[in-house]
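Visitor: Construct the complete structure from the given sequences, taking the supplied hints into account.
Number of protein chains: 2
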Amino acid sequence: MSIDHDPSGHETTGWAMLDDGLLHQLLAEFSTFGGLPNGGVHRLTASAEDGAARDHLRVWLLGEGAEVRVDRAGNMFGLFDLAGPGAPIVMCGSHLDTQPNGGKLDGALGVAAACCTARSLLFLKRDGHAFEVNFCVVNWTNEEGARFRPSLLGSGSYVGAIALDAALAAADDDGVTAGEALAAIGYLGQDEPPPLPAAYLELHVEQDVRLEENGAQIGIVVRNWGAAKLDVVFTGEQTHTGPGSMARRRDALLGAAHAVTAIRALADRWPGALHTSVARMLLSPNSPNTVAARVEMSVEIRSADDAILSAAHEAANVLLQEAAEAAGIACAIASETRRGIRMLPGEIADLTRTCAREAGYVTMDVDTVAGHDALSFLGRCPTGLIFVPSVDGIAHNPREETAAADLAAGLDTLIRAAFALCSGDRKA
Amino acid sequence: MSIDHDPSGHETTGWAMLDDGLLHQLLAEFSTFGGLPNGGVHRLTASAEDGAARDHLRVWLLGEGAEVRVDRAGNMFGLFDLAGPGAPIVMCGSHLDTQPNGGKLDGALGVAAACCTARSLLFLKRDGHAFEVNFCVVNWTNEEGARFRPSLLGSGSYVGAIALDAALAAADDDGVTAGEALAAIGYLGQDEPPPLPAAYLELHVEQDVRLEENGAQIGIVVRNWGAAKLDVVFTGEQTHTGPGSMARRRDALLGAAHAVTAIRALADRWPGALHTSVARMLLSPNSPNTVAARVEMSVEIRSADDAILSAAHEAANVLLQEAAEAAGIACAIASETRRGIRMLPGEIADLTRTCAREAGYVTMDVDTVAGHDALSFLGRCPTGLIFVPSVDGIAHNPREETAAADLAAGLDTLIRAAFALCSGDRKA
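Protein chains in written order, with this note's numbering: chain E, 1 to 428; chain G, 429 to 856.
Derived from the structure by calculation, the hints contain no laboratory data.
Quick reminder that beta carbons are idealized off the backbone N, C-alpha and C, glycines included.
The following label-pair restraints were derived from C-beta to C-beta distances: (1) Gln321(E) x Gly467(G): 29 to 39 Å; (2) Ala311(E) x Glu750(G): 22 to 32 Å; (3) Val604(G) x Ala311(E): 46 to 56 Å; (4) Val790(G) x Ala265(E): 50 to 60 Å.
Guide: Put into structure tokens, the structure is as follows:
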């Protein structure tokens, strides 16, 4: 079977393999749940908005004939019967949760594209194509790690990297646990999830400028950067900001501020090879005239080089203690996680690259610096992660955008890869 | 009239001029509203806890025969008739709002001591003493400035330093205005407040170590430090903390962190003569993996030297801009207030010093670095501010404490001064 393709991104064959009209429709529909006047989306994990978006997905999946399961981590699976019971599964999806004041594509694109893929495969089945593998659309809980930490909570739980109890006990900044929040929106499921798939595919926005700067439409993700993530607590002592000598103060915010600048400077020791950040900080009591007694903050360190990541992680621990000492306060590491640097399986990268090139798209092999649900599957099953360009590299921002032609190219590539995998043909 | 006093802090004369049992009772009762297991009190302005504490005060005042008025800023006045209608008033009080996780004495002491004073004066009236001046207990709204800014909202509004509309429109960090919050607890009053008093008296904890270090029981406040308070907004751009070069980032938290360390270092240019702090910071979106787009923070600068305060205020504005530039972001001053350095009126300081010494207490003339409601009256009527020692100088902290003998000495001094003023005798 071959699929012709014209430069407009629309199919020229008689059968509607690529339905980017449906993609735009689903994206527009999802963006109404938590939609903001600025064009962005604010849909935190297990919020009312997330519940409404999940309901919309569930209704859509049921309408297309899927069997819908919700597991105990709130992950949603839409199982489509292409090859009959007992056949292996290709799983495809992403996440419907967003960052606070986030974009409409991050996560939702992967879920919507998986839905479009399901419809295309069903069309081909009805058209007489004999599939050997079933297809499953998935929406993972709390990929972002914005409301609950760690990120990749749902996919990590599914593959066994995160214990279910720990996942459900993760608490937001108001002390509400993921389990409580999922129950409140009716998505603390009881269903057995499908078994590990034969392959996992995900389409995502790049969130960087490399594809755009290199004129590529499709990014084939071949490696993920490693990351060290630290939750740090600085402890000083409440006192009035007015009376009392400066020397007597034990200011938790001062220690935290020293740490923020030191963690930023750390990145300059390995220019371009190390990304660092502090982006979350909770102050207590956070009153203008009471010296902060406690500051909790989240530190991230990322690199594609394991030696650099290890050295930087070690240096960060020293810098955090030095920052605390400079303010005369204490610093404790409340939690520390490390994600290793790994290559994505060559066979699936080869498949997606071939599919994209057959359709006439310019591809580029890229790293993913950010975490994505697909990374939960590395070492567990063949895994493919496909990027489409982000306009100006804008990410985690209401202005996040991808050109319509690039969205179509991404969907086209995803459908072609899923078609090949579900047909038992890996093109490798 | 003379009042004997023994070292235990209890009166030895036949009539109960000093009732420190009532003081401890009232303090214990007030501390139940917002009381914390750690011994502190969390009673933010116009919270439910504040409403309950106000109710308790109102009932007590009514029970003692006061006319209770609540003005449109929520200030509570308990008017005691000592000298008949039309006589001038001595006003005495402080505030029942606290810092988050604050102490049980800051503010509550001044209100409770004013209540004790009222009862003592009423006792003397019934005992036949002829007063020339009436007495008024007052509880000012939002002295702390913790929930709503600026601080001294109620007393500032009463004296006309803050427009009532602006006071009621002040919003907390959730966007709730002071007017809405007061209405919700039933304390957005409609009463006409009493006219400017003939004198204003306030008893407060020192919140510093000077009295303790100098073995003094009573601080006679003779000067207030000036203060510049700035609300600053740093504006960067949301983006993912992972992908994207470090150079492209415009991190509002990085700029804010530079500012925190620079504002702290500023104090070292004038060691001991300049106090600086940043203690409140709001991040947006405050997610671990999205670079902060906006950080709002509150900066305070205090000095007893006007030249230093002016130079430091000017330098702070430069430092804030430099901090923003170092992070490639913008910095705007959202609001800027300046409280001048002023001397407290010598006649009332002389009166309170004389009263304290007559009773055998060691006094010490001190500055107030912190703002207090009494400062709203400077230049408007004779004003006295009396300090009692804070154990270890601990303030804005659940561990805030004052020795019982010092509390009794403070109350004794306050009653003696109020008695003299209400008798038309200033002892000057």
